[in-house]
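Those letters in the sequence shown? Residues 1 to 465, per the working numbering, in order.
Worth flagging that the hints you see were computed from the coordinates, not collected in a lab.
Quantities reported herein were computed from a predicted structural model and do not represent experimental measurements.
Heads up, the beta-carbon is just placed ideally off N, CA and C, and yes, glycines get one too.
Heads up, a few of these hints could be off.
[To be verified] Straight-line C-alpha distance at most 27 Å; calculated BS3-like pairs for lysine-lysine: (1) K166 <-> K84; (2) K308 <-> K321; (3) K84 <-> K201.
[What the hints assert, rightly or not] Quick list of simulated restraints, FRET-style, between CB atoms: (4) G324 <-> N45: 46 to 52 Å; (5) S320 <-> D273: 17 to 23 Å; (6) L196 <-> K321: 51 to 57 Å; (7) Q205 <-> A290: 29 to 35 Å; (8) A200 <-> H317: 45 to 51 Å; (9) Q316 <-> G254: 23 to 29 Å; (10) K201 <-> Q300: 48 to 54 Å; (11) D197 <-> A329: 53 to 59 Å.
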Amino acid sequence: MDQILKHIHAASSTPSLSVAQRPRPSEPPSNQITNIHVADDPFYNSTIRSLGEVRVMVGIVQIMMANPTLCSSQDLPETLASLKRMLTLMELAIRAYRNTDLVRSLSSAISIGVEECRRLLEELARNLTKDRHSLSNAVFSFIRKYVWARAGQGSTVHALDSKLRKSDSSFAACLLALGRAAWPELKRGGLGKETLDELAKFYVQLEQESTSLRHIHIDAVIVQDHLGRDLYVPMIFCMSSQDFHVVIAGFCSGLAGGVLIQRGNYRILDAGDQVIDPKEFDILLEPGMAVTMSIVFHEQAEERQDSKGYSCPRCQHINSKCTGWVTCAHCAGSFKISPEAEDSILSPDVEQHGGTDSIPDERSLFRRISVLQAANLEATRSPASSFLQTQSDATISTDEQPASEPIRNPTSQAQSDPTISTDQQPASESIRRPASILQTQSETILTPEQPGGQTSGPAYCRSLT
1 MDQILKHIHA
11 ASSTPSLSVA
21 QRPRPSEPPS
31 NQITNIHVAD
41 DPFYNSTIRS
51 LGEVRVMVGI
61 VQIMMANPTL
71 CSSQDLPETL
81 ASLKRMLTLM
91 ELAIRAYRNT
101 DLVRSLSSAI
111 SIGVEECRRL
121 LEELARNLTK
131 DRHSLSNAVF
141 SFIRKYVWAR
151 AGQGSTVHAL
161 DSKLRKSDSS
171 FAACLLALGR
181 AAWPELKRGG
191 LGKETLDELA
201 KFYVQLEQES
211 TSLRHIHIDA
221 VIVQDHLGRD
231 LYVPMIFCMS
241 SQDFHVVIAG
251 FCSGLAGGVL
261 IQRGNYRILD
271 AGDQVIDPKE
281 FDILLEPGMA
291 VTMSIVFHEQ
301 AEERQDSKGY
311 SCPRCQHINS
321 KCTGWVTCAH
331 CAGSFKISPE
341 AEDSILSPDV
351 EQHGGTDSIP
361 DERSLFRRIS
371 VLQAANLEAT
381 RSPASSFLQT
391 QSDATISTDE
401 QPASEPIRNP
411 TSQAQSDPTI
421 STDQQPASES
431 IRRPASILQT
441 QSETILTPEQ
451 PGGQTSGPAY
461 CRSLT
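Please take these sequences and the hints and turn them into a complete structure.
See the structure below:
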């Protein structure tokens, strides 16, 4: 029992935040994915504290399992053994993920679970100190009264076992959630060999435990992706748009549209087909909620307009004009055309990539497509077009006439008007062919770049989806 007291003292001296006091992880801007640099990340310290708490808990559980008085219960030894395995895996998980983008959410989730589990074990140990050698009837009565009132169970051991099982299930759910997010992190660039080795070791052990964890329920959001698959994204990764993006990009890696999704060219829609702002994921996404994903393309205004309606971005079939989402009469795909300025909510990372590199045209495979149309350049009057319109005004003075004919050949102009010197000709040359200016601007359309080296993840992770 002295060993228990020493471990309790060590646990109480470990810096810890209560569930109510624990700060909510700060998020990078929703239009930017940032790599987590552990050395400068304030949440790394929180991760270290969690690691210390888990280590203390493992020691406490080991001592409790060796106490014959506590192990007189038929169920408690099994619960403690399972809890010990979960705590060991959690310790390994923290180590493995300390250099990844998911470290913040993982640290917060683990610390909350450890805090609750430690509270339960400390509650028992405090009562055990009343008698160092055995648990008297008076102490049993006190514990029964205290725990029963909070757990609503009929016996002390059963109440404790029930609470510890909940902690065990919470840890297991977190581990299974990591199993579903395993391969986007394993493939993420910039991780050192040591980190990759730790991740591999963790997932080998998690796979060994996966059979015994099948009964564990995971709170998740069901995302129907652009290919019609149902993806289960654990809630612990829905509290941050950055974590959500990492997991979704991992699920879709190596598949049709994976490049676009990695670049952030997608949207998440609720049951009413309304776009969910990534900044509000932590507020609007709930366990069991079903949402859908649409791929985003950028075009110029009226590019798909026809006198009869809009052409489908999948099959080019002309559909009758209507507002909102359109189901193509030919291919049954859904699409929506909207102005970019009016409807510009995008997923994280999309604004980082403005390259013109080509990507495979796989839109015929996408179930839902959002087409964002930029305003017509001629209608918005770019500086070049505004200049031309100004020059056509009848109030232009004679002195301005040389600049008022931007499309005239400077050679013929010099021949027809000998008063124009050779020195003036470059000025008219510089504003020739405004149509070329407009054409160049209209071709500046956002196209994602192709990341390299994407492979599928562990088979057991895919089976969980």
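Comparing the hints with the structure gives:
1. K166 <-> K84: holds (14 Å)
2. K308 <-> K321: Within the cut-off at roughly 7 Å; holds.
3. K84 <-> K201: Since the Cα atoms of K84 and K201 sit roughly 18 Å apart, the hinted pair holds (cutoff 27 Å).
4. G324 <-> N45: 46 to 52 Å: holds (48 Å)
5. S320 <-> D273: 17 to 23 Å: holds (19 Å)
6. L196 <-> K321: 51 to 57 Å: holds (53 Å)
7. Q205 <-> A290: 29 to 35 Å: holds (32 Å)
8. A200 <-> H317: 45 to 51 Å: holds (48 Å)
9. Q316 <-> G254: 23 to 29 Å: With Cβ atoms ~28 Å apart, the hint holds.
10. K201 <-> Q300: 48 to 54 Å: holds (51 Å)
11. D197 <-> A329: 53 to 59 Å: holds (54 Å)
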